[in-house]
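**Q** Residue strings, one per chain:
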Amino acid sequence: MSARILTLGLALLLAGGATAEAHAFLRTATPPVGATVTAPPTEVAITFTEGVEPKFSTIEVRDSGGARVDRGDPHNPQGVQTRLIVSLGALKPGVYSVNWSAISVDTHHTEGKFTFTVAPPGTAP
Amino acid sequence: MNRVHRNAALALAGVASLAAVAASAPSAFAHVIAGVRVFPVTTTFDDPGVGDELTLPQIIWQRGAGPQDDTQVQWEFDKRITPTTALIYNHGFDILSMAGSKTRTGFENVVVTGKWQAFTSAEHEFVVSVGVGREFSGGTATQGIGGDQYGSTSPNLYFGKGLGDLPIGMLRPFAVTGEFSYAIPDRRLNSTASNNGNPALFSGSLSLQYSLPYLQSQVKDVGLGNFFGSMVPLVEVDYTSPTGGPAAGNPATLLIAPGVIYEGDTYQVGLSALIPGNKAAGQNVGFLLQVHFFLDDILPNSLGKPIFN
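Sequence lines, in order, name chains H and W.
FYI, in the numbering used here the residues of the first sequence are 900 to 1024.
FYI, in the numbering used here the residues of the second sequence are 4 to 312.
Hints in this document: simulated from the structure, not taken from any laboratory.
Built from N, CA and C at the ideal position, the CB exists for glycine as well.
Please note that a few of the clues may not be correct.
Claimed, not checked - Calculated pairs, SDA-like style, for lysine to any residue (alpha carbon to alpha carbon, straight line, at most 20 Å):
| # | chain 1 | residue 1 | chain 2 | residue 2 |
| --- | --- | --- | --- | --- |
| 1 | W | Lys-223 | H | Val-1017 |
| 2 | W | Lys-308 | H | Asp-1005 |
| 3 | W | Lys-308 | W | Glu-126 |
| 4 | H | Lys-991 | H | Val-1017 |
| 5 | W | Lys-223 | H | Glu-959 |
| 6 | W | Lys-223 | H | Pro-931 |
| 7 | W | Lys-223 | H | Thr-937 |
| 8 | W | Lys-223 | H | Thr-948 |
| 9 | W | Lys-223 | H | Thr-929 |
| 10 | W | Lys-223 | H | Ala-1018 |
| 11 | H | Lys-1012 | W | Glu-126 |
| 12 | H | Lys-991 | H | Pro-940 |
| 13 | H | Lys-1012 | W | Asn-229 |
| 14 | H | Lys-1012 | W | Tyr-213 |
| 15 | H | Lys-1012 | W | Leu-174 |
| 16 | W | Lys-223 | W | Gly-172 |
| 17 | W | Lys-282 | W | Arg-66 |
| 18 | H | Lys-991 | H | Val-968 |
| 19 | H | Lys-1012 | W | Lys-223 |
| 20 | H | Lys-1012 | W | Gly-232 |
| 21 | W | Lys-223 | H | Ala-938 |
| 22 | W | Lys-82 | W | Arg-66 |
| 23 | W | Lys-223 | H | Ser-963 |
| 24 | H | Lys-1012 | W | Arg-66 |
| 25 | W | Lys-82 | H | Thr-1006 |
| 26 | H | Lys-1012 | W | Ile-171 |
| 27 | H | Lys-1012 | W | Gly-172 |
What the hints assert, rightly or not - Listed next, with one range per pair, are the computed distances between beta-carbon atoms:
| # | chain 1 | residue 1 | chain 2 | residue 2 | range |
| --- | --- | --- | --- | --- | --- |
| 28 | H | Phe-955 | W | Tyr-92 | 32 to 38 Å |
| 29 | W | Gly-172 | H | Ala-938 | 19 to 25 Å |
| 30 | H | Pro-1019 | W | Asn-312 | 50 to 56 Å |
| 31 | H | Gly-971 | W | Val-288 | 54 to 60 Å |
| 32 | W | Val-288 | H | Gly-988 | 56 to 62 Å |
| 33 | W | Val-135 | H | Ser-986 | 49 to 55 Å |
| 34 | H | Thr-935 | W | Val-263 | 52 to 58 Å |
| 35 | H | Ala-1023 | W | Asn-281 | 53 to 59 Å |
| 36 | W | Val-294 | H | Gly-965 | 43 to 49 Å |
| 37 | W | Ile-98 | H | Asn-975 | 47 to 53 Å |
| 38 | H | Ala-1023 | W | Leu-160 | 51 to 57 Å |
| 39 | H | Gly-964 | W | Val-288 | 53 to 59 Å |
| 40 | H | His-974 | W | Val-135 | 44 to 50 Å |
Work the whole structure out from these sequences, hints included.
**A** Here you go:
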């Protein structure tokens, strides 16, 4: 009976014939999550655990006053679906918040937020 | 996911009245997400939401009082009917072994639970669900080993709260989840404990989790890497107590389960120690291993999506 149940379970897993995809969670980011950087970044890049659809995914970067500082151009670099990049304007020293929303290639939605800090000029790395 | 947490404690007790223990329910849960918080599947009780998931298997091992070893092999299937409702099927198989005696085996009672994820707050990382579980007596269970002659009906309440709104960054990966249920037996135990009935049973479980994926992705990348950065250490506590009326052979039990969950992309693996918190919960530490699959990721176009969208 246990073998039959295990077989049924495996059959359920194989049924449907769909390729296994998963929710797209943040794996790494540049600048790193919670990091303090000495040079203002020109972009925020997020590497996800799964491919994401850039047309339906967003990265918004705001300064401490709530003003948006990204250029609203989320895109996959060179066709790498697991990576999403948004360009930035010139950043002044301060704390910036990143809010992202991703639709994975299998249409699952995930979201997240983190901050990074641009240190004043002359700060030791 | 449906989890009758009392059964782990009773198995640990190693009492002969395993026959009086309702079928335990394995863990299971797909991705319950509230905002940026992902609530993993806990190991000794159900998670706070609904999903399309499969636990295959969950194995509980406990060296009982004296020479008896108790092993439970359990499985669970969760299927969403609508995006916020699900039916959950739990079953299991028990193995009782004792030196000098023949090993005895048998099936647990089937438990089916209807569950509704009633409230989700993304902003506050908060989820509340309610459900009703029905434990079926009869042909699928083996009396005297893992099954009960009579079943029960249990209203259940589940919740999950992520602490991402705390002002202290390193505390934000914490989350608390819980499940509370009240088992109403089909046949209440009589005053002489001679009718094979069961007492009404209150069960309450809590977990305190620290999500390293949450730390890495929402608070600060501390360089844990993919493997350790996918782990959620946690402590679960399970309490069961008979309520009102005779309770011979069914004392209150307290179980403490420290463990860790590894979150893969389409699955998770949980490993917990089962530590008796009182004498009635047993005399030895047991262990629990759970392998869980997220069907919404593995089979997104069939079993992994609600029947009615």
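**Q** Give a verdict on every hint.
**A** Each hint, compared with the structure:
1. Lys-223/W - Val-1017/H: holds, 15 Å
2. Lys-308/W - Asp-1005/H: Holds, at roughly 12 Å.
3. Lys-308/W - Glu-126/W: Violated, because 25 Å separates the two Cα atoms, which is more than 20 Å.
4. Lys-991/H - Val-1017/H: holds, 7 Å
5. Lys-223/W - Glu-959/H: holds, 18 Å
6. Lys-223/W - Pro-931/H: holds, 8 Å
7. Lys-223/W - Thr-937/H: holds, 17 Å
8. Lys-223/W - Thr-948/H: The given pair, whose Cα atoms are some 18 Å apart, holds under the 20 Å limit.
9. Lys-223/W - Thr-929/H: At roughly 12 Å apart (the allowed maximum being 20 Å), Thr-929/H and Lys-223/W satisfy the hint.
10. Lys-223/W - Ala-1018/H: holds, 16 Å
11. Lys-1012/H - Glu-126/W: The hint holds at about 12 Å.
12. Lys-991/H - Pro-940/H: holds, 10 Å
13. Lys-1012/H - Asn-229/W: Satisfied, since the Cα-Cα distance of roughly 19 Å is no more than 20 Å.
14. Lys-1012/H - Tyr-213/W: holds, 18 Å
15. Lys-1012/H - Leu-174/W: Given pair Lys-1012/H, Leu-174/W holds - Cα atoms ~16 Å apart, limit 20 Å.
16. Lys-223/W - Gly-172/W: holds, 8 Å
17. Lys-282/W - Arg-66/W: holds, 14 Å
18. Lys-991/H - Val-968/H: holds, 10 Å
19. Lys-1012/H - Lys-223/W: holds, 11 Å
20. Lys-1012/H - Gly-232/W: holds, 17 Å
21. Lys-223/W - Ala-938/H: Cα-Cα ~19 Å, so holds.
22. Lys-82/W - Arg-66/W: Violated, at about 34 Å.
23. Lys-223/W - Ser-963/H: holds, 18 Å
24. Lys-1012/H - Arg-66/W: violated, 46 Å
25. Lys-82/W - Thr-1006/H: Judged against 20 Å, a Cα distance of about 19 Å means the pair holds.
26. Lys-1012/H - Ile-171/W: Answer holds: Lys-1012/H to Ile-171/W is near 15 Å, not above 20 Å.
27. Lys-1012/H - Gly-172/W: holds, 13 Å
28. Phe-955/H - Tyr-92/W: 32 to 38 Å: holds, 34 Å
29. Gly-172/W - Ala-938/H: 19 to 25 Å: holds, 23 Å
30. Pro-1019/H - Asn-312/W: 50 to 56 Å: Between Pro-1019/H and Asn-312/W, where Cβ atoms are some 52 Å apart, the hint holds.
31. Gly-971/H - Val-288/W: 54 to 60 Å: holds, 56 Å
32. Val-288/W - Gly-988/H: 56 to 62 Å: holds, 58 Å
33. Val-135/W - Ser-986/H: 49 to 55 Å: holds, 52 Å
34. Thr-935/H - Val-263/W: 52 to 58 Å: violated, 30 Å
35. Ala-1023/H - Asn-281/W: 53 to 59 Å: Holds, since Ala-1023/H and Asn-281/W (Cβ atoms, about 56 Å apart) stay within the stated range.
36. Val-294/W - Gly-965/H: 43 to 49 Å: holds, 45 Å
37. Ile-98/W - Asn-975/H: 47 to 53 Å: holds, 51 Å
38. Ala-1023/H - Leu-160/W: 51 to 57 Å: holds, 53 Å
39. Gly-964/H - Val-288/W: 53 to 59 Å: holds, 54 Å
40. His-974/H - Val-135/W: 44 to 50 Å: holds, 48 Å
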